[in-house]
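Engineer: Sequence:
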Amino acid sequence: MGIVEPLVAFVVSFLFLGVMVYKRVGLGITLTFTATAFSLLSLDSNIIADVFWETMSDSITISLLLATFGIMLLSQLYKETQFAEMLSQSLSEILKNSKLVVSVLPAIVGLLPVPGGALMSAPMVEAEADKLALKKDRQTYVNIWFRHTIFPIYPMSSFFLLAVALTGVSVVSLITRQMPVVVAMVILGFLIGFWRVASVRHEPSKDGLGTNFKVLLKAFAPILVMILAIVAFNIVRAGEAFNPFVIPIDATYDVSIAALFGLVGILLIAKPRLDTLLRP
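Here the working numbering is used: the first residue of the sequence shown is 99, the next is one more, and so on.
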């Protein structure tokens, strides 16, 4: 038994959370302090050290930390190397249909699970949405809705990683089960977001289609490498019963390794300068 009842500890911790958010304390510090306060108040002092050690030495916890760090670092490199801008611009030139661009762009940016990612895609969406004469409230809806359509099946999102870690379901299995949800979300979002909105065609691009495809492939390559690595790991593991080749690494680290592949990919392709990598 802790200092107080768990319910009381929960309420007190959330009061701390509210006060710190109101005082504009950093999000990382706020969440860490709130979780620590809840633990100290609700857990028996004799087991706190044991719980801490078991948590920090657990393979699932370590893999989630490594995967999250790798993905967030990749997202930051995408912004610093202008790859995010290249991705959106080339996609806009290829699709040449403002409705498609407005719906696909947030989902593409959603592949980079950064905090406030909707703000990153907002100016890109606004430029295309203005061509469709969409009102600001509908622009906001389209941006946020389509950004999140990819999350139920995207193996590099924190929500997906947590679901896999907690349920023990394989990545491929969870994607298959979630696919109908994504299809329904896309259809519903398109119907609501573009109801009675006329289509607008783009003017011909100065660059050819082949050039834009090359730019898109170059910018998308690091993310594609991560996704293919995840799929490859799952295919190999599924056939381990019939194949003598066995991956000598725990499956919980698959996403962490895939994130490392993505980081190596963007470093090789973008070739960022040292000051870019060391920038705080």
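Honestly, the hints are just simulated from the structure, not real lab data. Among these hints, one or two may not hold up.
[Stated by the list, open to error] Okay, derived cross-link-like pairs now, BS3-like style, lysine-lysine, Cα gap no bigger than 30 Å in a straight line: (1) K177 - K316; (2) K177 - K233; (3) K194 - K229; (4) K229 - K177; (5) K369 - K229.
These figures come from a predicted structure and were not determined experimentally.
Engineer: Measure nothing beyond the straight line between the CA atoms of K177 and K233; if it is 30 Å or shorter, mark the hint as holding.
Structural biologist: holds, 28 Å
Engineer: Next pair to validate is K194 with K229; report whether the Cα-Cα distance is within 30 Å.
Structural biologist: holds, 12 Å
Engineer: Is it true that the CA of K229 sits at most 30 Å from the CA of K177?
Structural biologist: holds, 26 Å
Engineer: Does K229 sit within 30 Å of K369, going by the straight-line distance between their CA atoms?
Structural biologist: Roughly 35 Å separates the two Cα atoms, so the pair is violated.
Engineer: Tell me if the straight-line CA distance from K177 to K316 falls inside 30 Å.
Structural biologist: With a Cα-Cα distance of about 15 Å, the restraint between K177 and K316 holds, given a limit of 30 Å.
Comparing the model with each earlier hint shows a violation of hint 5 alone; every other hint is respected.
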